[in-house]
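Residue numbers (full-length UniProt numbering), protein chains in the order written: chain A, 1 to 180; chain B, 1 to 180; chain C, 1 to 180; chain D, 1 to 180.
FYI, nobody ran anything at the bench for these hints, they're computed from the structure.
It does not matter which identical chain is meant; a pair holds if it fits inside one copy or across any two.
Capping the alpha-carbon separation at 20 Å, the derived lysine to any residue pairs in SDA-like fashion look like this:
#	residue 1	residue 2
1	LYS60	GLU168
2	LYS14	SER83
3	LYS126	GLU91
4	LYS14	SER170
5	LYS60	ARG163
6	LYS60	PRO85
7	LYS173	PRO8
8	LYS79	VAL7
9	LYS173	THR46
10	LYS126	THR40
11	LYS60	HIS162
12	LYS136	ARG23
13	LYS60	ARG28
14	LYS124	GLU36
15	LYS124	HIS162
16	LYS14	LEU96
17	LYS14	GLN88
18	LYS126	GLU36
19	LYS60	GLN88
In case you want the letters, here they are:
4 protein chains.
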Amino acid sequence: MDKKQPVPSVEVSKAARAALERRGVTLRDIGEIVYEMQYTYNEGLTLDHCIEAVDAVLRKREMQYALLVGIELDELAEKNLLSQPLQQIIETDEGLFGVDETIALGAVLTYGSVGVTTYGHLDKHKVGIINQLDTKTNEGVHTFLDDLVGAIAAAASSRLAHRIRDMEESGIKLAEGMTV
Amino acid sequence: MDKKQPVPSVEVSKAARAALERRGVTLRDIGEIVYEMQYTYNEGLTLDHCIEAVDAVLRKREMQYALLVGIELDELAEKNLLSQPLQQIIETDEGLFGVDETIALGAVLTYGSVGVTTYGHLDKHKVGIINQLDTKTNEGVHTFLDDLVGAIAAAASSRLAHRIRDMEESGIKLAEGMTV
Amino acid sequence: MDKKQPVPSVEVSKAARAALERRGVTLRDIGEIVYEMQYTYNEGLTLDHCIEAVDAVLRKREMQYALLVGIELDELAEKNLLSQPLQQIIETDEGLFGVDETIALGAVLTYGSVGVTTYGHLDKHKVGIINQLDTKTNEGVHTFLDDLVGAIAAAASSRLAHRIRDMEESGIKLAEGMTV
Amino acid sequence: MDKKQPVPSVEVSKAARAALERRGVTLRDIGEIVYEMQYTYNEGLTLDHCIEAVDAVLRKREMQYALLVGIELDELAEKNLLSQPLQQIIETDEGLFGVDETIALGAVLTYGSVGVTTYGHLDKHKVGIINQLDTKTNEGVHTFLDDLVGAIAAAASSRLAHRIRDMEESGIKLAEGMTV
Numbered sequence: 001m002d003k004k005q006p007v008p009s010v011e012v013s014k015a016a017r018a019a020l021e022r023r024g025v026t027l028r029d030i031g032e033i034v035y036e037m038q039y040t041y042n043e044g045l046t047l048d049h050c051i052e053a054v055d056a057v058l059r060k061r062e063m064q065y066a067l068l069v070g071i072e073l074d075e076l077a078e079k080n081l082l083s084q085p086l087q088q089i090i091e092t093d094e095g096l097f098g099v100d101e102t103i104a105l106g107a108v109l110t111y112g113s114v115g116v117t118t119y120g121h122l123d124k125h126k127v128g129i130i131n132q133l134d135t136k137t138n139e140g141v142h143t144f145l146d147d148l149v150g151a152i153a154a155a156a157s158s159r160l161a162h163r164i165r166d167m168e169e170s171g172i173k174l175a176e177g178m179t180v
Numbered sequence: 001m002d003k004k005q006p007v008p009s010v011e012v013s014k015a016a017r018a019a020l021e022r023r024g025v026t027l028r029d030i031g032e033i034v035y036e037m038q039y040t041y042n043e044g045l046t047l048d049h050c051i052e053a054v055d056a057v058l059r060k061r062e063m064q065y066a067l068l069v070g071i072e073l074d075e076l077a078e079k080n081l082l083s084q085p086l087q088q089i090i091e092t093d094e095g096l097f098g099v100d101e102t103i104a105l106g107a108v109l110t111y112g113s114v115g116v117t118t119y120g121h122l123d124k125h126k127v128g129i130i131n132q133l134d135t136k137t138n139e140g141v142h143t144f145l146d147d148l149v150g151a152i153a154a155a156a157s158s159r160l161a162h163r164i165r166d167m168e169e170s171g172i173k174l175a176e177g178m179t180v
Numbered sequence: 001m002d003k004k005q006p007v008p009s010v011e012v013s014k015a016a017r018a019a020l021e022r023r024g025v026t027l028r029d030i031g032e033i034v035y036e037m038q039y040t041y042n043e044g045l046t047l048d049h050c051i052e053a054v055d056a057v058l059r060k061r062e063m064q065y066a067l068l069v070g071i072e073l074d075e076l077a078e079k080n081l082l083s084q085p086l087q088q089i090i091e092t093d094e095g096l097f098g099v100d101e102t103i104a105l106g107a108v109l110t111y112g113s114v115g116v117t118t119y120g121h122l123d124k125h126k127v128g129i130i131n132q133l134d135t136k137t138n139e140g141v142h143t144f145l146d147d148l149v150g151a152i153a154a155a156a157s158s159r160l161a162h163r164i165r166d167m168e169e170s171g172i173k174l175a176e177g178m179t180v
Numbered sequence: 001m002d003k004k005q006p007v008p009s010v011e012v013s014k015a016a017r018a019a020l021e022r023r024g025v026t027l028r029d030i031g032e033i034v035y036e037m038q039y040t041y042n043e044g045l046t047l048d049h050c051i052e053a054v055d056a057v058l059r060k061r062e063m064q065y066a067l068l069v070g071i072e073l074d075e076l077a078e079k080n081l082l083s084q085p086l087q088q089i090i091e092t093d094e095g096l097f098g099v100d101e102t103i104a105l106g107a108v109l110t111y112g113s114v115g116v117t118t119y120g121h122l123d124k125h126k127v128g129i130i131n132q133l134d135t136k137t138n139e140g141v142h143t144f145l146d147d148l149v150g151a152i153a154a155a156a157s158s159r160l161a162h163r164i165r166d167m168e169e170s171g172i173k174l175a176e177g178m179t180v
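In isolation and in its complexed conformation, chain A is listed as follows (with noise of 0.2 Å):
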């Protein structure tokens, strides 16, 4: 690989879907939370309409390059080669950091500014894999990648409500099977 070349798109989204899947997060596991957060808003969605909106929000560059860099400095952290003290800082995933809310809030933003309030409910209460997934209950480190699931989650969200907003003001019901 030419160093001086950027990375083509498709190595890119290639990169970020497969950090996920080694991360043991799955698109079913994040669509599931959406459709936990929306589901009661929304008659006639289903499951595969939320993981449809993940698929949508992993084709984004700005959220495939933030799971690039947070899954990358989580791994870094678990194999202890980040330097001090950002190692230790990390590892305990210190409740005053931020960075990692600060990355996974520049990519719900590419969302507007409505998907804030389901992030930020979601990194409370950790729904599902994220609670799965917290640094300070579990093994492993995993800092970043819990904001990251949050933020995919809430994008998603964001997403579906814009579009079954457009589907309803052209009078289109949401159904089973239907391309959202």
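Using the hints, position chains B, C and D against chain A.
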């Protein structure tokens, strides 16, 4: 008042506090939300510490300006003085609007990104006075105010978390009557 | 108009474009700023590509809502209809105000953080129509509008940069008459 | 060092300043950028006032954490220790990356949104030391550092603007040797 002169900070500050009061929100109301969010993490925390933190947050220019703009828009909407369709958008607290969240978020971020979680949680769960302000379930228009009260509470929580950490590191244990 | 119904998206969109036009800003004016910012980086870029990108940005709900709020506040200030001290703060385009930047920034960030640089540059150097709008040197109040026009131009620049990269990676060379 | 304890603030602070120094950036270098940006607006402003403002900004936890993360990633990229494709993305200072801008912007926003303009300007025009750090034209990898230096300078400029306004309103005229 000469229109070409900048408004003195003391007038901005007074006007922002007066606007909150006029809309029926006291520093104690917001302090109670902060206490509710923080007491489990901080032994020795009292309601007075929380009210003091709210007071400190209200001394920040960014927060004062955000309050002046948001409350003005709520009040103009109540008086039916906005042009259409903005009048209707604010009056109905349109879910996809987002400018209310943007302004509130801007003020939260002056206390760092760790406050975003608290803000998102409050915006979703509408703790305390925020619930009473919710435009969709009550009289009056509070489309901006409920987000702004959440922002003040989140900023005050973040301020407390930073200050209490500093005290702990200096070997000081939080107690009643102590200035944080 | 039934006040309790949400405003249809098509009305929000029309109102936002009408507001821009009423304030003397055309898509071509903003397109010219985008062209000025981007032509050195993109061989084959024409003014039409830039106007098309501006048009796409104006189809986004976040941008439409930001325009409606900002222009409303500018117009209310021109008519002396805001309460004090907000009237004077907006009328004098107070340098430390920041709510104008916050609203504009929220809209830029929906195109990712790479647009922030362009936004900051435009806000400082007041290229093209932005200079003519500057409240401090001209008639009328444009405290929000100049920031919003900068936000639209920055968002359109960011959109173009992403799209042109995608085309390049597919082996397509940008040329006149091509849809970006 | 016990890995399960939070890192004391004093260590975080020392590490952030040491990282800047190791990368060849002095407080004076950043102070000079601040002076360049602010002297025309503030009569009596000296380079010492600007260096003092930079020092104050570096006492903020958000800025320290941002520096630790960004410089770590630059240094890992220099040593070729990141996994692909992140290694190449950071090494080539990919224009659409954006995580560098996101982290820098998060730190700027703790001083309010008025700093965003200065940050954007610096990121585009690469004043002073920022130009020497530009990864694309020089030795070494400074993909994050140039944005972080711009963020520190923008935050310090914003801090000065707020403080000087407060002094003016108290009838104090800025002069050499005075603490801002």
